[in-house]
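**Student:** Spelled out, the chains give:
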Amino acid sequence: MAEPRTLFDKIWRSHVVSRQDDGTCLLYIDMHLVHEVTSPQAFEGLRLADRALRRPDATIAVADHNVPTSDRSRGIDDPESRLQVETLERNVREFGVPYFAINDTRQGIVHIIGPEEGLSQPGMTIVCGDSHTATHGAMGALAFGIGTSEVEHVLATQTLIQAPAKNMKVAVNGTLGAGVSPKDVILAIIGKIGTAGGTGHVIEYVGSTFRQMSMEGRMTVCNMTIEGGARAGLVAPDEVTFAYVKGRPYAPKGGAWELALAYWKTLPSDPGAHYDKEAFLDAGAIAPHVTWGTSPQDVLPVTGRVPDPAGVEDPLKRAAMERSLQYMQLAPKTPLVEIPVERVFIGSCTNSRIEDLRAAAAIAKGRRVAEGVRALVVPGSGLVKRQAEEEGLDRIFLEAGFEWREPGCSNCMSMNNDRAEHGERVASTSNRNFEGRQGKNAKTHLMGPAMAAAAAVTGRITDVRELG
Amino acid sequence: MIAGRVWKFGDNINTDLILPGPYLYRSPEEQARAVFEANRPGWVDQVKKGDAIVAGFNFGMGSSRPAARSLKNCGVGFVFAETINGLFFRNSVNFGLLAFECPGVSRAFEEGDMAELSLEEWRVRNPRSGETLSVSRVPDELLSIMQGGGIFPLMEARGLIAPRA
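Here the protein sequences come in this chain order: A and B.
Going left to right, the first sequence walks through residues 1 to 468 as the numbering used here numbers them.
Going left to right, the second sequence walks through residues 1 to 165 as the numbering used here numbers them.
So here's chain B without its partners, still in its complex pose (with noise of 0.2 Å):
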């Protein structure tokens, strides 16, 4: 079992807001320092690595650009929303960012609450209420390279690729 702070978001967060336009060739440490600071400025100081995001509908909609990157390496531990844009979900796999599709979660958690994730069962459960929700199985392989922290570093730790510097 995996437990995150859960932050609320809306429908439609899009990669935009995740990774504004202006930073999109900077380092991943300032993209990082930027992520929603159009919508939830200053949100950056305070998640904590662990931290879950609650969304709505078609998360991540939007452009190719590497935003999964940055919510990971702002510390989010998983996401979940009620649909997941195919492109953002892509990003997220082969960043190794958790990010589920849950149907109800954005009715079922508010901001603050806990989210407590078993990957056994493929359930997501708020202690505060007591409510369980199923999560979108991902297949296998997928899941395995979310874990094993994206495409890139899983193929080095099968020795499929040599290790980057």
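Chain A extracted, bound-state conformation (with noise of 0.2 Å):
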């Protein structure tokens, strides 16, 4: 009998095109999302050496990073921003690669919208010049985040040199608490093993936690893998994922859909199959996370308070203890549910579909953003937008006094307009908490939508279960 396997194992060596003999591996790339960020080098290397784009039909680009979430009559303001877009917009049209435009209502974070178009499907090899491609492992695809300079390497061979990755398995059981969100099994899982505890592994989800949570849920499990240091997370396929991928535009229709289905249902890590690493998590045992510093892994259950270096015995983590604390402004501890907030940004790859919007929505509903707070909430996509307007959350939101906005990446990372100013302390759902990263020293404290809209009207980190 064959020896088990796990789930990337399968993918990936029904991917390999060669093998030599130290184990790199020439990898086949089904799908390859494109972004106005990392592309622009990459065209112009196929430009400069005549090569045309190997494969435009598993190829599809957008722009999201740059693009305004206001007022988009005006086209973009910022120069810089305006000419990343308007690169991609030349790029697409000479290499003819499928684009959603700016103004097309499919528009939005290009991990957003590869699963609700479905572009990305079990099985499938997906790449991206981005790091939260990690994403996409919710539909039981290898989905990981390549660099700019494997961009053009893909787009002119369809491929990728890769050495293959060992195997972790994440284990969560039992069911989530009121008010616990995916974002706080993932946030719990990076407090468990560390941003360096992936490193060099794909972590496999598993567990009845899982099983038991939505697409929607995966995704800002799967997306933050990459903050837990592995390059890609994934969830094995089930009925779950079946019936969300069946029906959408890019999915297989009729009898390619049998047959896809029958080889997603092999896809499964087999029984026995071998884990290089492993870690385990009580479902019932995680409350909703908070961070306090600088790094994804400074995490703590809301009802905690700041960390004390001076209780920290390893002199190099003592000093990083203190680094993150004075830039993020907090005296040790001080009780999380204390922190004032001036910024809540409800949006990124991680928490910006629709049942993010609607958990928000139920915390903000016939609720007030407490005075001096500025809350922004920004759909994923522009379908997710029209959706949540099919719903009324928009009316919700507006009525509690946060500002409703265009789909894309937004304040995440800031490279549009989107931006924390004079160091304020943001409650972000997004998936990063460096320095300066939502502004020039801007205080960033990672939680779920649910918390972050408690937050914006409280004024304060909340506890999100006190507000019911």
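Bear in mind the hints are in silico, worked out from the structure with no lab data behind them.
Where hints are given, some of them may not hold.
Said to hold, decoys possible - Partial pick of chain B residues on the chain A-facing surface, computed with a CB cut under 10 Å:
1. N12
2. T15
3. L17
4. P20
5. W43
6. S63
7. E101
8. S134
9. V135
10. D140
11. R158
12. G159
Said to hold, decoys possible - Simulated crosslink set (DSSO-like; lysine-lysine; CA at most 27 Å straight-line):
13. A:K317 x B:K8
14. A:K10 x A:K333
15. A:K192 x A:K166
16. A:K440 x A:K333
17. A:K265 x B:K8
18. A:K253 x A:K265
For every residue, glycine included, the Cβ atom is placed at its ideal position computed from N, Cα and C.
Take the two lone chains, each set in its own frame, and fit them into one complex as the hints suggest.
**Tutor:** So, in structure tokens, the structure goes:
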């Protein structure tokens, strides 16, 4: 009998074009997602070498980082952002890449629209010049970010040279408590394994918690796999996955659907498959989580207090914590729920799907954004925005004093004009709390969408379970 | 054997520190001037060609941006870290930055030490202490890309693609 294989092993092996003695493989890529930040040099490289795009039908482009999220009728004010988007538009025309233009309802964050359009499917290899490509692993695909240097290689050859990763299993079992979201699950995982915990591995998320989770929740979890050190994270495809994919514009149809479905059902890891590393969490013990520092592993349950460097023995780790707290301007032992916020960002490829917006709206409904707080809601795509408006979520947000914006990456890394000013403290549903990412000296606290909405209406970090 | 003077960094040094977001659309030269401007302002004026970075776990965590190119362009000869983030490592290979995992390295070197690397033996030595550590071996093909200056220079040198202007 054949050796039991993991989901990752199966996808990897079915895409190897050639393998060298040292283990390095040439890997076939099924879907290449392209955005304006990491593609210009790659297209320029093709042009200089007079090369064509290998598979226009397996490539799709969208502008997301540099698009304005308010009043698009005026175009893009910022010259650098405008040039970047115009360059992408010129490149997709010249090379024949399918493109969702800014005024297309399907435009949005690349990692939102891949699953939404049915472009991302189980068993695929999916890459994008963007580290949060890990999101698509929720489909049961091997999806990982590639360096800007690799984008050209994929455009030209539809392959990549890669060394295989090791397998890591993260098992979460049990039912999540009220007010606890998939974002809290991934923050708790990163808190446990650390941002270096998955280095060199592909993480498979297993256990009843993920089986009970919606596809959108799985996307939130897989999205932040990269923050746990691994390039890719995935969830085995199941009936939830198949029901999600079926009927989407780019999903297989008719006989092709039946063939695909039969294949997808062979993908889950075999019983007894080997994992090089394992971690276990109990879902029932996970509380809403919030970050206090400048790395996603600087995370605690919202009921906790800012840690005290004095209690850290390792001098390097103590110095790192002191530096983080100095940047965040937080005193040790401060209860997290006493930290005031000045800005709230609900959006990003982590948390801008319809379920995220519903969760935030449920808290916003009938309440008001606190005095002195500016709160942005940025849907992940035009289709998410339309759906939210059909459900009346936009009215709830607007009546509560939130800003209702056009889709894009927005204040997650602030390459458009959505930026925290004057070192503001931000409650954010995004994925990285690095220094200066949301604006110069901006102090980011990562959390889930309902938690961010709760912070908006109280003006401080709040345990959403207390708002009911 | 290649040798370089050591600059020490901690765990989880991220791509946004190496190549800050506001510089993403600037020239590679301007990007190289911005390396570590938030966490170690002035460092780019101190680092000399061929110097070594010694760091902790998960060096290069973060985004797809060409942060490895910036380190190479500001003169860094090689990077040793306890572990290196996978995406950053790929960029290191493709931009020709020598970046290696080396368990124990952050304890074995102090800032200002020399690091002597032997790729024949896959070892790095600290001449001050006399300590020698194993460097995790990189597959030959990837090493040849790194040493060839990166993926495109190597393919040009092998006549696989036309040289760029």
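**Student:** Work down the list of hints and note, for each, if the structure agrees.
**Tutor:** Consistency of the hints with the structure:
1. Evaluation of the N12 of chain B hint against chain A yields a held restraint, the C-beta minimum of about 5 Å falling below 10 Å.
2. Annotation: interface hint on T15 of chain B holds; nearest CB of chain A at approximately 8 Å, less than 10 Å.
3. The restraint placing L17 of chain B at the interface with chain A holds, with a minimum CB-CB distance near 7 Å, inside the 10 Å limit.
4. Checking P20 of chain B against chain A: minimum C-beta separation of about 7 Å stays under 10 Å; hint holds.
5. Here the hint on W43 of chain B is broken, as its CB sits about 15 Å from the closest CB of chain A, past 10 Å.
6. Hint status for S63 of chain B: holds, given a least beta-carbon distance of 5 Å to chain A, under 10 Å.
7. With a least beta-carbon distance of about 8 Å to chain A, the hint placing E101 of chain B at the interface is held under the 10 Å criterion.
8. The interface hint given for S134 of chain B is broken, as the beta carbon of that residue sits about 16 Å from the closest beta carbon of chain A, more than 10 Å.
9. Annotation: V135 of chain B was flagged as interfacial toward chain A, and the flag is violated, the nearest CB pair being 15 Å apart, outside 10 Å.
10. Because the smallest distance between the Cβ of D140 of chain B and any Cβ of chain A comes to about 5 Å, under 10 Å, the interface hint for this residue holds.
11. Because the smallest distance between the Cβ of R158 of chain B and any Cβ of chain A comes to about 14 Å, over 10 Å, the interface hint for this residue is violated.
12. For G159 of chain B, the interface hint is violated, the least distance from its beta-carbon to any beta-carbon of chain A being 13 Å, above 10 Å.
13. Of the supplied pair hints, the one linking K317 of chain A and K8 of chain B holds, its CA atoms being roughly 14 Å apart against a limit of 27 Å.
14. Taken as a hint, the K10 of chain A and K333 of chain A pair is broken in the structure, with Cα atoms around 47 Å apart against an allowance of 27 Å.
15. The suggested pairing of K192 of chain A with K166 of chain A holds, with an alpha-carbon distance near 19 Å, which does not exceed 27 Å.
16. Pair hint K440 of chain A plus K333 of chain A holds up; C-alpha atoms about 26 Å apart against a cutoff of 27 Å.
17. Of the supplied pair hints, the one linking K265 of chain A and K8 of chain B is violated, its CA atoms being roughly 49 Å apart against a limit of 27 Å.
18. In summary, the hint linking K253 of chain A to K265 of chain A is supported, as the alpha carbons are separated by about 17 Å, within the 27 Å threshold.
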